[in-house]
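K.L.:
Below, each chain spelled out in residue letters.
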Amino acid sequence: MTDATPDHIDGAAAKGRLDRLRAGLKRRHAKETRFKWYGRLAIAAAMIFLAILMVRIVAQGHTAFYTHTVTVPVYMDPARVDRAYPQGSNFEQLAAEQQLKRWGIQDDAAGDASRQMKALFSSELKFVAADLVAKRSDVIGETVPLAVPLSDEADLYLKGEISKETPEDQRRLTDQQLAWLDRMQAEGVVGSHFNTALFTNGDSTQPELAGVLGAVVGSALMLMVTALIAIPLGVGAAVWLEEFAPKNKLTDIIEVNINNLAAVPSIVYGLLGLALFINWMHLPRASPIVGGLVLALMALPTLVIATRSALKAVPPSIREAALAMGASKTQTVFSHVLPLAMPGVMTGAIISMAHALGETAPLLLIGMVSFVPGVPHAIDQPVGALPSLIYIWENASERAFHERTAAAIIVLLVFMIIMNTAAIILRRRFERRW
Amino acid sequence: MKFRIFRSAEDQTGAGAADPTESVRMGGQVLPEATSSKAASAVEARLEDATPVSGPTVVATPPTGPIKIAARDVSVFYDGKQALYDVSLDIPDKTVTALIGPSGCGKSTFLRTMNRMNDTIAGCKVTGRIAMDDEDINDRSIDPVLLRARVGMVFQRPNPFPKSIYENVAYGPKIHGLVSAKSEMDGVVESALKRAGLWEEVADRLQSSAMGLSGGQQQRLVIARAIAVNPEVILMDEPCSALDPIATARIEELIDELRERFCIVIVTHSMAQAARVSQRTAFFHMGRLVETGDTEDIFQNPRERRTLDYITGRFG
Chain A
1 MTDATPDHID GAAAKGRLDR LRAGLKRRHA KETRFKWYGR LAIAAAMIFL AILMVRIVAQ
61 GHTAFYTHTV TVPVYMDPAR VDRAYPQGSN FEQLAAEQQL KRWGIQDDAA GDASRQMKAL
121 FSSELKFVAA DLVAKRSDVI GETVPLAVPL SDEADLYLKG EISKETPEDQ RRLTDQQLAW
181 LDRMQAEGVV GSHFNTALFT NGDSTQPELA GVLGAVVGSA LMLMVTALIA IPLGVGAAVW
241 LEEFAPKNKL TDIIEVNINN LAAVPSIVYG LLGLALFINW MHLPRASPIV GGLVLALMAL
301 PTLVIATRSA LKAVPPSIRE AALAMGASKT QTVFSHVLPL AMPGVMTGAI ISMAHALGET
361 APLLLIGMVS FVPGVPHAID QPVGALPSLI YIWENASERA FHERTAAAII VLLVFMIIMN
421 TAAIILRRRF ERRW
Chain B
1 MKFRIFRSAE DQTGAGAADP TESVRMGGQV LPEATSSKAA SAVEARLEDA TPVSGPTVVA
61 TPPTGPIKIA ARDVSVFYDG KQALYDVSLD IPDKTVTALI GPSGCGKSTF LRTMNRMNDT
121 IAGCKVTGRI AMDDEDINDR SIDPVLLRAR VGMVFQRPNP FPKSIYENVA YGPKIHGLVS
181 AKSEMDGVVE SALKRAGLWE EVADRLQSSA MGLSGGQQQR LVIARAIAVN PEVILMDEPC
241 SALDPIATAR IEELIDELRE RFCIVIVTHS MAQAARVSQR TAFFHMGRLV ETGDTEDIFQ
301 NPRERRTLDY ITGRFG
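Protein chains in written order, with full-length UniProt numbering: chain A, 1 to 434; chain B, 1 to 316.
Hints may be right or wrong, so weigh each one.
[Claimed, not checked] Keeping only pairs whose Cα atoms sit at most 25 Å apart, straight-line, the calculated SDA-like set for lysine to any residue is:
{"id": "1", "chain 1": "A", "residue 1": "Lys-126", "chain 2": "A", "residue 2": "Ser-192"}
{"id": "2", "chain 1": "B", "residue 1": "Lys-163", "chain 2": "A", "residue 2": "Gly-344"}
{"id": "3", "chain 1": "B", "residue 1": "Lys-163", "chain 2": "A", "residue 2": "Met-342"}
{"id": "4", "chain 1": "A", "residue 1": "Lys-126", "chain 2": "A", "residue 2": "Trp-103"}
{"id": "5", "chain 1": "A", "residue 1": "Lys-126", "chain 2": "A", "residue 2": "Arg-172"}
{"id": "6", "chain 1": "A", "residue 1": "Lys-312", "chain 2": "A", "residue 2": "Ala-354"}
{"id": "7", "chain 1": "B", "residue 1": "Lys-125", "chain 2": "A", "residue 2": "Lys-31"}
{"id": "8", "chain 1": "A", "residue 1": "Lys-159", "chain 2": "A", "residue 2": "Gly-61"}
{"id": "9", "chain 1": "B", "residue 1": "Lys-81", "chain 2": "A", "residue 2": "Pro-246"}
{"id": "10", "chain 1": "A", "residue 1": "Lys-329", "chain 2": "B", "residue 2": "Arg-314"}
{"id": "11", "chain 1": "B", "residue 1": "Lys-125", "chain 2": "A", "residue 2": "Ser-317"}
{"id": "12", "chain 1": "B", "residue 1": "Lys-81", "chain 2": "A", "residue 2": "Ala-354"}
{"id": "13", "chain 1": "A", "residue 1": "Lys-36", "chain 2": "A", "residue 2": "Ala-46"}
{"id": "14", "chain 1": "B", "residue 1": "Lys-174", "chain 2": "A", "residue 2": "Thr-330"}
{"id": "15", "chain 1": "B", "residue 1": "Lys-163", "chain 2": "A", "residue 2": "Phe-430"}
{"id": "16", "chain 1": "A", "residue 1": "Lys-312", "chain 2": "B", "residue 2": "Asp-136"}
{"id": "17", "chain 1": "B", "residue 1": "Lys-81", "chain 2": "B", "residue 2": "Ser-108"}
{"id": "18", "chain 1": "B", "residue 1": "Lys-163", "chain 2": "A", "residue 2": "Ser-328"}
{"id": "19", "chain 1": "A", "residue 1": "Lys-159", "chain 2": "A", "residue 2": "Pro-246"}
{"id": "20", "chain 1": "A", "residue 1": "Lys-329", "chain 2": "B", "residue 2": "Trp-199"}
{"id": "21", "chain 1": "A", "residue 1": "Lys-247", "chain 2": "A", "residue 2": "Pro-265"}
{"id": "22", "chain 1": "A", "residue 1": "Lys-329", "chain 2": "B", "residue 2": "Asp-297"}
What the hints contain is simulated information worked out from the structure, not anything from laboratory work.
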């Protein structure tokens with residue numbers, strides 16, 4: 001607008017300019033509102049999927065946390081119980097026959113009724129009775145009440161997961177067995193309680209006896225090895241690359257390769273571990289040491305990248321301040337830069353550890369998918385791990401393993417939540433120091 | 001003699017080069033010792049040749065008193081790109097020397113050569129000789145860590161460590177092993193904070209975070225941190241540019257007090273500040289030191305056209 005322009009034209013132009021601004025403003029606001037809604041939708045979608053996942057897992061798995069026990073009086077028949085070798089006695093048959101007799105049911109010649117009755121008790125009965133006899137031989141000739149878990153199928157029926165409406169040939173319990181279970185419940189000899197076996201036992205072929213403890217210990221041992229190897233190595237490598245390394249072709253190549261390694265499928269690390277640690281170094285197959293090494297290799301690139309970005313985020317003014325004070329490079333890094341980067345480093349470490357905890361594919365290749373009963377206690381023994389246990393249970397044919405799969409997933413998630421909570425608490429501590 | 005021309009690199013090579021960059025490159029190869037012998041006629045010849053941009057440094061008034069730092073033909077290259085051309089400057093002890101000039105003129109670059117902070121920048125190369133008490137600070141035998149204990153630095157933005165006030169001040173004496181006993185350290189911290197004029201304000205919260213202080217307090221804390229190791233020289237890179245006028249006035253007061261004990265070099269964008277706090281001024285332009293002399297002289301009677309233009313606000 002030149003000075004020569006009359007005032008009224010100037011006014012009109014100013015008004016037109018304002019109108020244009022206003023029109024644009026409306027568009028800009030609309031855009032902003034739209035974007036806000038995209039954000040809300042994205043969050044909502046994520047929350048819905050998370051909720052579905054959680055609800056499904058809990059719905060499927062919560063029944064695994066309680067189980068049914070039946071209390072049966074067993075007459076320790078001196079004719080059938082071997083005092084010297086109680087493990088050899090057929091306690092299950094004994095208990096089944098006595099139960100039938102109590103109810104006045106005649107066993108047929110083929111022993112079909114007692115076989116069906118026996119199938120209602122867990123095979124645990126045998127061990128409970130044998131233990132008792134071994135400990136107190138005076139029980140022979142007496143009637144003792146034995147509290148034993150019901151078999152997996154019987155347990156499922158009492159949990160309402162096997163329906164009477166299902167045709168008999170499509171379920172594993174016969175009509176007669178269902179009737180017996182109903183009768184037991186009516187007599188009040190069946191009780192439900194928290195499934196402690198799930199947390200105190202190792203894996204088992206019997207679902208009612210199978211537990212996650214072996215896998216939890218295996219995972220914990222493995223994670224310990226991973227953390228001990230990956231964290232010092234990864235943080236050290238990142239500090240060197242970020243703070244000390246000269247910027248040249250070689251370090252460029254290293255950097256590119258680290259970024260590429262982070263994208264390598266984890267199963268490839270499993271193959272590497274198989275070739276390197278088992279076939280070449282002859283470390284024991286399926287042991288936490290091998291698993292930990294493989295997971296450490298897998299976690300390293302992520303850890304290096306996370307640590308480097310945490311170091312990059314430390315303001316250069318802090319480095320300058322320390323250097324200008326006459327601190328050496330090492331003093332600068334270890335007393336100023338690294339402590340400031342610590343929250344980021346720890347987040348990186350925990351994320352990569354959580355990732356390692358849930359990793360399954362490499363474990364399959366180093367033999368961790370095999371059935372390992374019992375609880376491991378050394379890092380050179382074969383162990384199971386939580387993710388591979390989930391994989392094994394999911395593939396099992398017994399229906400009772402399915403609810404336990406979901407329960408194992410819950411345990412794994414709780415494990416991770418505990419780790420993440422620890423990370424957050426530690427991070428708060430570090431941040432609040434100043 | 002009122003005018004004294006620093007001998008520059010071209011003189012020794014005898015090449016009255018038309019291209020100033022070319023001659024600089026050649027000059028960089030010459031040993032610093034060689035500068036001491038040269039003919040006055042060569043100096044005059046060079047004066048006539050000089051284009052306004054690459055003219056020799058005008059020394060309005062030579063410094064009086066002992067020289068703390070003597071820079072000769074200092075050139076700085078960042079990745080081969082030259083940022084500073086043949087700067088020769090004498091910095092007297094127990095004096096505030098202000099480096100002024102428009103943005104990107106090389107004054108901060110020059111400041112950072114004096115404690116070898118440029119070493120920390122990849123691809124940075126410094127040529128020429130900088131002598132502190134007649135000792136070449138770029139010599140192989142000089143450890144930059146030791147040098148920085150003798151030459152403290154204060155930056156543009158206050159950059160205290162995110163630790164307690166006490167730890168900030170105690171850091172220097174601690175890493176240099178100057179103080180070991182806790183009681184002695186308490187005394188060092190107290191006297192440094194007192195000299196920086198911060199003691200009254202923080203005496204009752206020495207253990208609280210330095211990040212809780214105001215910008216001006218932080219900058220004084222940083223000065224306290226620098227003087228806690230009793231350096232000989234303090235370099236200040238625009239120490240007041242992030243501060244309000246009141247905090248600035250306090251820092252300027254402090255600089256004036258510190259002058260009695262230290263050799264202070266301050267880079268500033270504020271002509272008024274240079275006039276207030278400094279006794280010597282050096283004017284940089286486009287990577288060259290244009291004019292230097294007593295501050296009063298430079299501001300009241302500049303010899304160089306560009307100096308006059310800059311201090312009167314015609315550019316920069």
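K.L.:
Which numbered hints does this structure break?
P.N.:
Result: hints 7, 10, 12, 16, 19, 20, 21 and 22 break, sorted rising.
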